[in-house]
Amino acid sequence: MALIIQRPQVAYVRKKDSSEYEIDRSTGKLLQVNIEKAIRVKLDDPDRHKKFQYWSLNPDPKKRYRLKVHTVNQQFERYKKGDCDREFDRNYDESMTHKCVVEALSRLTSMTLLSPIECERSPLEFDFESVRKEPFLHLPNNSKYYPDILCTFSEEHEMYDRWGGKIAIEVTYSHGCESYKLEDFIFHNIPVFEVTM
1 MALIIQRPQV
11 AYVRKKDSSE
21 YEIDRSTGKL
31 LQVNIEKAIR
41 VKLDDPDRHK
51 KFQYWSLNPD
61 PKKRYRLKVH
71 TVNQQFERYK
81 KGDCDREFDR
91 NYDESMTHKC
101 VVEALSRLTS
111 MTLLSPIECE
121 RSPLEFDFES
131 VRKEPFLHLP
141 NNSKYYPDIL
151 CTFSEEHEMY
161 DRWGGKIAIE
171 VTYSHGCESY
181 KLEDFIFHNI
191 PVFEVTM
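Residue 1 is where the sequence shown starts when you use UniProt numbering, and the numbers rise one by one after that.
None of these hints come from the bench; they were simulated from the model. A few of these clues could be false.
[Stated by the list, open to error] Here are the simulated distance ranges between beta carbons:
id	residue 1	residue 2	range
1	P123	I23	49 to 57 Å
2	E194	D17	45 to 53 Å
3	D47	P123	50 to 58 Å
4	E156	P135	18 to 26 Å
5	H188	P61	28 to 36 Å
6	P61	N34	16 to 24 Å
7	K99	E156	31 to 39 Å
8	G176	S122	38 to 46 Å
9	Q74	S122	35 to 43 Å
10	R162	K37	39 to 47 Å
11	Y21	E155	47 to 55 Å
12	R25	K99	15 to 23 Å
13	K51	Y180	24 to 32 Å
Think of the CB as a built atom: it goes at the ideal place given N, C-alpha and C, for glycine as much as any other residue.
Let the hints inform the model, and build the full structure from the sequences given.
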């Protein structure tokens, strides 16, 4: 089972020693590198990889955050202070643990969950009609996601009208679900319940 989570697929490149961003010679703009190229550099030329850092594409430099190259899941992930560059074993363990937790949760047909809305932290009982692992979700704004789990529930439930009879469950490890993903789901009336390992 492949882990597919919608995360940044492109990043800016910054030199570690000078903190200057690389410039694309053909456009004169900041160089943007896709995840496939970043993985190739990390695996084929580790010495070169260590000279660079990857950063999010926020237009405001103060709001950019550092990214790391995740070779197991083939994606950029938010870098946490203290992360080392040689993380293959930890990432492999993390992805296997993630896989097991998703598998276990996908077998549950009923759950009690706390409302994800801060001011409404009351327990909600669910008896699900369907529980799907990593389904493809194409939202009306053309965003595409693969939530860890998507559950549907019946019209009789008190939250059916508000949430359209579905909820998403995301299993998180070192950091929570990306804010852009949460906002996109909430905008489309799909609440996201996070399960932290």
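Hint check results:
no. : hint                       : verdict
1   : P123 with I23: 49 to 57 Å  : holds (53 Å)
2   : E194 with D17: 45 to 53 Å  : violated (37 Å)
3   : D47 with P123: 50 to 58 Å  : holds (53 Å)
4   : E156 with P135: 18 to 26 Å : holds (23 Å)
5   : H188 with P61: 28 to 36 Å  : holds (30 Å)
6   : P61 with N34: 16 to 24 Å   : holds (21 Å)
7   : K99 with E156: 31 to 39 Å  : holds (33 Å)
8   : G176 with S122: 38 to 46 Å : violated (21 Å)
9   : Q74 with S122: 35 to 43 Å  : holds (39 Å)
10  : R162 with K37: 39 to 47 Å  : holds (43 Å)
11  : Y21 with E155: 47 to 55 Å  : holds (52 Å)
12  : R25 with K99: 15 to 23 Å   : violated (41 Å)
13  : K51 with Y180: 24 to 32 Å  : holds (29 Å)
Of the hints listed earlier, those the structure fails to meet are numbers 2, 8, 12, in rising order.
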